[in-house]
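For reference, the chains in residue letters:
Number of protein chains: 2
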Amino acid sequence: MANAIRMLSADAVEAANSGHPGMPMGMADVAAVLFSRIMKYDAAAPDWPDRDRFVLSAGHGSMLLYSVLYLTGSPAMTLDQIRNFRQWGSLTPGHPEYGHTPGVETTTGPLGQGISTAVGMALAERMLNARFGDELVSHFTYVIAGDGCLMEGISQEAISLAGHLGLNRLVVLWDDNRITIDGDTELSTSEDTLARFEAAGWSVASVDGHDPDLVEAAIRNEQLTDKPSLIACRTVIGKGAPNKQGTHHVHGSPLGKDEIAALRQELGWTLPPFEVPAETLATWRAAGAAGADARKAWDARVEAHHKRDAFWRALGDDVDAGIDAAMAARAQFLADKPKLATRQSSQKVLEALIPACPSLLGGSADLTGSNGTLVKRHVPVSRDHYAGDYLHYGVREHGMAACMNGLAAHTGFIPYGGTFLVFSDYMRPAMRLSALMGLGVIYVLTHDSIGLGEDGPTHQPVEHLAALRAIPNLLVLRPADAVETAESWAVALAERSRPSVLVLTRQGLPQLTTRQDDGNLVARGGYVVRDADGNRAVTLIATGSELMLACQAADLLAADGIAAAVVSMPCRDLFQEQDAAYRKAVLGTAPRVVVEAAVVDGWEGIVGDSGAFVGMTGFGASAPAERLFTEFGITVQAIANKAKGLI
Amino acid sequence: MANAIRMLSADAVEAANSGHPGMPMGMADVAAVLFSRIMKYDAAAPDWPDRDRFVLSAGHGSMLLYSVLYLTGSPAMTLDQIRNFRQWGSLTPGHPEYGHTPGVETTTGPLGQGISTAVGMALAERMLNARFGDELVSHFTYVIAGDGCLMEGISQEAISLAGHLGLNRLVVLWDDNRITIDGDTELSTSEDTLARFEAAGWSVASVDGHDPDLVEAAIRNEQLTDKPSLIACRTVIGKGAPNKQGTHHVHGSPLGKDEIAALRQELGWTLPPFEVPAETLATWRAAGAAGADARKAWDARVEAHHKRDAFWRALGDDVDAGIDAAMAARAQFLADKPKLATRQSSQKVLEALIPACPSLLGGSADLTGSNGTLVKRHVPVSRDHYAGDYLHYGVREHGMAACMNGLAAHTGFIPYGGTFLVFSDYMRPAMRLSALMGLGVIYVLTHDSIGLGEDGPTHQPVEHLAALRAIPNLLVLRPADAVETAESWAVALAERSRPSVLVLTRQGLPQLTTRQDDGNLVARGGYVVRDADGNRAVTLIATGSELMLACQAADLLAADGIAAAVVSMPCRDLFQEQDAAYRKAVLGTAPRVVVEAAVVDGWEGIVGDSGAFVGMTGFGASAPAERLFTEFGITVQAIANKAKGLI
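Top line first, the protein sequences correspond to chains A and B. Sequential numbering from 1 applies to the first sequence in the UniProt record's numbering. Sequential numbering from 1 applies to the second sequence in the UniProt record's numbering.
One should not assume that every hint holds.
Which copy? The list can't say, so a pair holds if one copy fits it or any two copies do.
With a straight-line cut-off of 30 Å between C-alpha atoms, the simulated DSSO-like cross-links for lysine-lysine are [to be verified]:
id, residue 1, residue 2
1, LYS339, LYS257
2, LYS307, LYS40
3, LYS339, LYS296
The set of hints was computed from the structure by calculation and includes no laboratory data. From a predicted model like this one, the values you see are computed outputs, not experimental measurements.
Just chain A, same shape as in the assembly (with noise of 0.2 Å):
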């Protein structure tokens, strides 16, 4: 069984000419245990959603999921998109993709993103279990990482999380072939690993990786123990290549006609390529259905239980109460006009949405107060108390993405977590899967500028708002006051298949909009916020806490007999969805400018060619906040002084 993943593998790579035939030849004998004799899972239904997760976080080794996706009949992986393996348009991407091919439980491919994922849906089935019981909810998470991995920081944060919160029911199966890319892992660490592990609070133990049995015998082991677990697993990489096995030489690069040939015959295997021995197959085969009867038994009990509707609720992301309750808190801003920094604004907003939304799930990378996420009736989540629904993340970004991410997609939870807008850095890389596999993730950035004052450049996002806008599929959301803040949590809630980032200030604003019945304008991306008085002379365009400058800027440009209006633009990229039509009437057609506490990267076109940018052109200074905002002359008087110079 092992040896046709290998074939599959090599077959695919050297077909593709491109790919990573090491990682699934090695890891081989440890695959075929899992999904024969280990794993619940029914193939034919992928989406089941009590089965056991397998995480590939070596994503490289992507051969090896989507073999044994076909060995065990997954409906979807077929031998042709086996054949198509890295072709335009195939089930069989260089690495898994989450949303792209059935069965692929999360995308992975950037190091150490996997296991860090796998710790969010282990922490999930814990979750779930505590709101509705083990009839409904109970598997495992199982995880392939190699060294890479391993030495990736996040994986410490994620190794740190699991143990602090006691996931026992994730198996971590870590590729333990002592290469890296370079070379032998000596060139390059020397850390003893499964100590590492132990030092998180894991259990540990160690394997010969082909050796079917004892692998087994490790995994029912640590099922049983009351820790996260790891469990070495000696291997050779490309095993059963004869030359090139246990070398680096085979890790991302096709065998070769030769070696190829000689791995056939080292594996006693006479077909021609991307076929499997009938008997074979047919073993596999029934491995894959094996897990049908409980699948079909835990269908029963779920149409019979109790909490049946709440269940499949929060499997699919109800979020209908949760914006009504946004929309509720909106109206109450409206009527109160309160003068509060958006992130408390927000904080307000979460009070009236964790009620009425079971599934959102709080957290914050130890900025709890900071970022304002922890409403009253939170009760945090830890070891002796799943059914919390708070995460002390501790001081861990990165590791708080991935586990979001890890959440959404096990489904059962609307993750949102918070940090400062600076530290969005620290999570980049798991913000990018967030977008990349369409997970409604919920990032609560604050101190989102200059304006958080004398914690000094270090803290002062210039050039986050950019950086962020930037990434594909990701909604960058930046209210200006209270009202637009309710909006944006609406606006967050309603996405789920993309993710949001709510760009939070820690300082102070007024309520600016007015409006009453005219709907979410945050949905719309940008709105007029204050109309001209007369024709247009400019449009003043503003986002988050630059919009009550642009709106007193247009009172000085009015008391001189210029007709400003000003534009609200808290989504640039819900903007840009509208049609032509609604953005030409936001926008005008006099001279424009756009006014934000940034850099001005990804502007230039609303700026055009007869606009002017008020905002930043370098890193920021610590001071008070006033100051700064003077000193980088982004003040009402200069918005004025441009305004007029453009017409």
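Based on the hints, put chain B in the right spot on chain A.
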């Protein structure tokens, strides 16, 4: 002496009404021991090359460092600066800033960066020692780190690397106060930190952080080990503030009037704010001057040393011969017209550069062969061979970048390090610090677009060029052929006060530029690579691998009688620094088509209202490169069609 740190810190935070008193007060005893009994330095000469380095990784405790600088008599750190903590123009910003405040060895605040940068400093010391001997180079690197630093994933990468390299001159003092911002550390971590460091090959110890003699003994003991050392200093955060100490309430807010009064009483401190008893100050000043004799003796040793000139050249970042070598490689390329991937051209340039520029220190995050960062004469650095000149950083991009910051900030080396462009996300926080500190680190980022082909969207950067260009003070260079690659290296070498990013292709590119005597045109950022035949009807602007397409599109347009000029713009940052006349001459007044296999963000200003962009609008896909360029519409025909549409 420790109480002087406590009172200055508490009073400065109180005066600023902002800041972090808890850490300076908790670690005051440790700092007093370090600066009065342990460290080799001369406060009057903060630039003495052989001084011990001190890194405040927990940078929010900046007042600890500023207090010590004032107390020891660092010339720039006057009492006025302390009084102006966190104010505009002061030398005492919220977090310590390298290049801004004499005596600050590296910018800290973003957690985990300090300890990881310190690894680079400790490595620089060992490597310079290997090159120049004990007489010129023999010092320690001390770090104060908090729980936050150790929870960040980057610290694991750095710890692992330090253990692997056996950096025995590195001593980390962990402020083990069991408090984070959210509350007790047990909210978010259960890790056995000492065991974790031991697993990475460190020597560890534990000590009462408020007993100066025990702290001193522990440090002296750790100085003797052959491993990097971690000393857990058990402390009480905010020690001395009787009602708030030991809680997270003392972490990041002023103590308040009442608690400051209580602190004074507790410490028996009768003087008003910012006054230190004369006798205590005298003791501190004596400690600060204690290293003066050692420094003078060192001066004399250097002066008489046979390697004196080479030593000063190394510390002075002498790059002249390197630039000459790069330009000589360029001349060879002009003669040979090679068809090479720019990563290969880069490797060829390095073959010439390395012998000419001994301070250049190569490395890669386990992608050596792919990045082309290694040359034949390179010798790997290891714990047994610090005299090497190539670092196998392992799969640790973030740790690599921070390590390079430390190597550069220490002085003595010009580090360059490679990974894939898409993984710049993993090291972005440290890259930002390279830019903020103005360190001439060189990032070699290959596989720079969908042109990498089959690895698919997880490995295909589309937003990374925009995201990197948005970072202030960071040069992004994307050469189009071998000649531009050589020129880019010359630019990167010449830039000693800002970091450079070399963005290089996986795929082969023809030699397009033919100039001989017009100097380094990459240094001008953009230039006309091919003039229009007659009056320009359109200007095609491209970078990197797309320049080839633009040139072919110009041919296609010429066949239709349309005169197109082609502009190569390898570095938009440098182009924007050119004078207006030059920019105008290059860009012309005809409509423009910008071509880059990436998102448009940041190009809109050059595209202009009447121009067009040919590039990416979303993530890539897994397929051979040619297919991807066709499918995503980045083709010669598409460029020509867009151009025709504009004229």
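*Checking against the hints above, which ones are violated?*
Per hint list: single violation, 3.
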